[in-house]
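Working from the sequences, and respecting the hints, build out all of it.
Keeping their order, the protein sequence lines are chains A and B.
Position 124 of the first sequence, counted from 1, bears residue number 123 in numbering that gives the first Met the number 0, the numbering being contiguous throughout.
Position 140 of the second sequence, counted from 1, bears residue number 139 in numbering that gives the first Met the number 0, the numbering being contiguous throughout.
No wet-lab data here; the hints were simulated from the structure.
Each hint should be verified, as a subset may be incorrect.
As the list claims (entries may be wrong) - Taking beta-carbon pairs under 10 Å as the criterion, some of the chain A residues facing chain B (in silico):
no., residue
1, Ile69
2, Leu253
3, Ala255
4, Ala259
5, Pro263
6, Pro337
As the list claims (entries may be wrong) - In silico EDC-like pairs for lysine to aspartate or glutamate, Cα to Cα no more than 20 Å straight-line:
no., chain 1, residue 1, chain 2, residue 2
7, A, Lys46, B, Glu74
8, A, Lys46, B, Asp78
9, A, Lys46, B, Asp141
10, A, Lys121, B, Asp45
11, A, Lys46, A, Asp335
12, A, Lys50, B, Asp241
13, A, Lys46, B, Glu161
Every value quoted in this text rests on a predicted model; they were computed, and no experiment measured them.
Think of the CB as a built atom: it goes at the ideal place given N, C-alpha and C, for glycine as much as any other residue.
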Amino acid sequence: MSTTPTGQRREADRPRGLDGHRGRGVGARTAADEARSSYYGVPPIHKPHWKWLVVVYFFLGGIAGASYVIAAVSHLVGPKEDQPIARAGRYLSLAALVPCPILLVLDLHRPRRFLNMLRVVKFRSPMSVGTWGLLLFSGFSGLSALIQAAEDGLLGRGRAVGVMSRLPARAVAVAGTPFGFFVAGYTGVLLAATAVPLWAKNARFMGPLFLSSAFSTAASAITLVLSLRRRTPGEALHRLERLERAAMVAELGLLAASRARLGPTAKPVVEGRLGGLLRYGTVGGGLLVPLAIQTASAIAGRPPSRPISMLASALVLTGGFVLRHAVVAGGRASADDPEATFAYARRGLLETPPR
Amino acid sequence: MSDRGDTLDTTGARPGAVGFLTDATLCIGCKACEVACKQWNALPADGPDSALTGFSYDNTVDLGATTWRHVAFVEQPGDPSPAWLMLSDVCKHCVHAGCLEACPTGAIIRTEFDTVVIQQDICNGCGYCVPACPFGVPQIDDAIGTARKCTLCYDRLVDGMEPACAKACPTDSIVFGPIADLLPRARERVETLKARGVEGAHVYGDRAVGGTHGIDGLNALFVLTAPPETYNLPAAPTLPQDNGRGAWTSTAVAAVGLGLAAVAALRGRR
Numbered sequence: 000m001s002t003t004p005t006g007q008r009r010e011a012d013r014p015r016g017l018d019g020h021r022g023r024g025v026g027a028r029t030a031a032d033e034a035r036s037s038y039y040g041v042p043p044i045h046k047p048h049w050k051w052l053v054v055v056y057f058f059l060g061g062i063a064g065a066s067y068v069i070a071a072v073s074h075l076v077g078p079k080e081d082q083p084i085a086r087a088g089r090y091l092s093l094a095a096l097v098p099c100p101i102l103l104v105l106d107l108h109r110p111r112r113f114l115n116m117l118r119v120v121k122f123r124s125p126m127s128v129g130t131w132g133l134l135l136f137s138g139f140s141g142l143s144a145l146i147q148a149a150e151d152g153l154l155g156r157g158r159a160v161g162v163m164s165r166l167p168a169r170a171v172a173v174a175g176t177p178f179g180f181f182v183a184g185y186t187g188v189l190l191a192a193t194a195v196p197l198w199a200k201n202a203r204f205m206g207p208l209f210l211s212s213a214f215s216t217a218a219s220a221i222t223l224v225l226s227l228r229r230r231t232p233g234e235a236l237h238r239l240e241r242l243e244r245a246a247m248v249a250e251l252g253l254l255a256a257s258r259a260r261l262g263p264t265a266k267p268v269v270e271g272r273l274g275g276l277l278r279y280g281t282v283g284g285g286l287l288v289p290l291a292i293q294t295a296s297a298i299a300g301r302p303p304s305r306p307i308s309m310l311a312s313a314l315v316l317t318g319g320f321v322l323r324h325a326v327v328a329g330g331r332a333s334a335d336d337p338e339a340t341f342a343y344a345r346r347g348l349l350e351t352p353p354r
Numbered sequence: 000m001s002d003r004g005d006t007l008d009t010t011g012a013r014p015g016a017v018g019f020l021t022d023a024t025l026c027i028g029c030k031a032c033e034v035a036c037k038q039w040n041a042l043p044a045d046g047p048d049s050a051l052t053g054f055s056y057d058n059t060v061d062l063g064a065t066t067w068r069h070v071a072f073v074e075q076p077g078d079p080s081p082a083w084l085m086l087s088d089v090c091k092h093c094v095h096a097g098c099l100e101a102c103p104t105g106a107i108i109r110t111e112f113d114t115v116v117i118q119q120d121i122c123n124g125c126g127y128c129v130p131a132c133p134f135g136v137p138q139i140d141d142a143i144g145t146a147r148k149c150t151l152c153y154d155r156l157v158d159g160m161e162p163a164c165a166k167a168c169p170t171d172s173i174v175f176g177p178i179a180d181l182l183p184r185a186r187e188r189v190e191t192l193k194a195r196g197v198e199g200a201h202v203y204g205d206r207a208v209g210g211t212h213g214i215d216g217l218n219a220l221f222v223l224t225a226p227p228e229t230y231n232l233p234a235a236p237t238l239p240q241d242n243g244r245g246a247w248t249s250t251a252v253a254a255v256g257l258g259l260a261a262v263a264a265l266r267g268r269r
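Below is the structure:
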């Protein structure tokens, strides 16, 4: 539901000039009234400063979290020959995670005060919860990667390494999985809990959208890493592809649902440069083309050739990055649009009963 | 909703809360509040950006990191004579504050006066409070790297003085006091205005007479004569963190779904 309630009562009781502004009266204002009442086009809310540091973090954090989950699930329920999936997933999770805290600290205006994030725990603040979740997850991601490295003999043969390789990898994977999901999805909630119309109005789809994109990009990243090795069994890649497909279909559905939910508020990510980027970079190139490649190979009854498969993975990764960029940059544009902010902030009259 | 005579329970304001009543009908647009605020709080001028804007007499434009009072000037064509609306906008010191709830460092606190203050020695400039305010109040001060906004002159309050802007206001358009006193005063003023034929008069921030609805009362009340949006105020903003419940729930559901999908996809024939 967007501005439809505005339209419904348009003719019936349209207020004139200074007349009765009492509660519901505001809801009856037309687009023309809106344009007139905009205060010289000055945005009524302030946009966040977030730019590429945060976009890259959202992208890498998603891969780190979802890679961990994929590795854990494959380890727990997959066949033995899929061991490369778990192995690549664990290393990839840590590799994607390492830059994350650096990006986040650099994004602060007072980076040296980053530890102040750890002086409180606030469950109503997704950023506070996120900080702690990321911290805990980094423990699991690091531990799982260490266990893997010990098993692979990368750490030498010392006594500590022996202890490390005897750690219960399965138990660590099970315990770390919820945190993997958390890191992959909380960023959507973080954006939703603001006054920015593009994010706030779409609150319910933000987390799921980021989560499904995290899974499609992580599956693609693992596929890409495994494709570089000639020894990877085709069956393993096929299973990974099944997951990738499910995540991509979910992502497409969530993008469509978001579009419907947002209505005219979606303008910054539908029109202009960002609209084109999202349409061709994410929906077309990042989702539909890879899905088409997978479908074609399924019909043909044989896996796509290695270069094609790697191209598909690269497209999915690019699409996932573009999605984060479009959502963040689109939010900034949406916060700058008085009409969108006012329309969203009129919702309170209709949806929220006074406490 | 109907018990207008009631004071505290209809604003949600806590006992002992103090704040502002800013009456747009008394504002003469002198900007003494802006100047007094800048002087007392040692805030710099707005710089070259705020050269003449062409927005009527408003060259301040917006509340920001170093502008904690902002006088809006609205020129409305009207019959028989044009209406000229002026309003000194300020941080609302919300009873449930989006900035305070968002703050991940605990830098933003609620004071003993029920006001909302950003502790400058704690803030690390993450910037999350900036989009978390539905009124567009806090802003990062690029010169010092922290988020800043009106403190309701905390340093004056502890010494028993009223905030600088209220002290400077020559028409008592800005009044400082306990919310328990300000609210009846605001309602009385609205009744007076209505009796004089100003139909659109209302209290912004008072739920009982159709205030902001979404946020549980403000510690900075306003008497307005036109819809809030005319003054660049949102009509019925909601608390951003209230989106959290639905957002977390749907994210958890999606996590379960994707987890099951992963199990189904990655499971091998045994």
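Each hint tested on the structure:
1. Ile69: 6 Å, holds
2. Leu253: Since chain B brings a Cβ to about 8 Å from leucine 253/A, closer than 10 Å, the hint holds.
3. Ala255: 15 Å, violated
4. Ala259: Since chain B brings no Cβ nearer than about 15 Å to alanine 259/A, farther than 10 Å, the hint is violated.
5. Pro263: 17 Å, violated
6. Pro337: 7 Å, holds
7. Lys46/A - Glu74/B: Roughly 26 Å between the alpha carbons, so the hint for lysine 46/A and glutamate 74/B is violated.
8. Lys46/A - Asp78/B: 37 Å, violated
9. Lys46/A - Asp141/B: 15 Å, holds
10. Lys121/A - Asp45/B: Roughly 34 Å separates the two Cα atoms, so the pair is violated.
11. Lys46/A - Asp335/A: 7 Å, holds
12. Lys50/A - Asp241/B: 25 Å, violated
13. Lys46/A - Glu161/B: 32 Å, violated
Of the numbered hints given earlier, the model fails hints 3, 4, 5, 7, 8, 10, 12, 13; all others are met.
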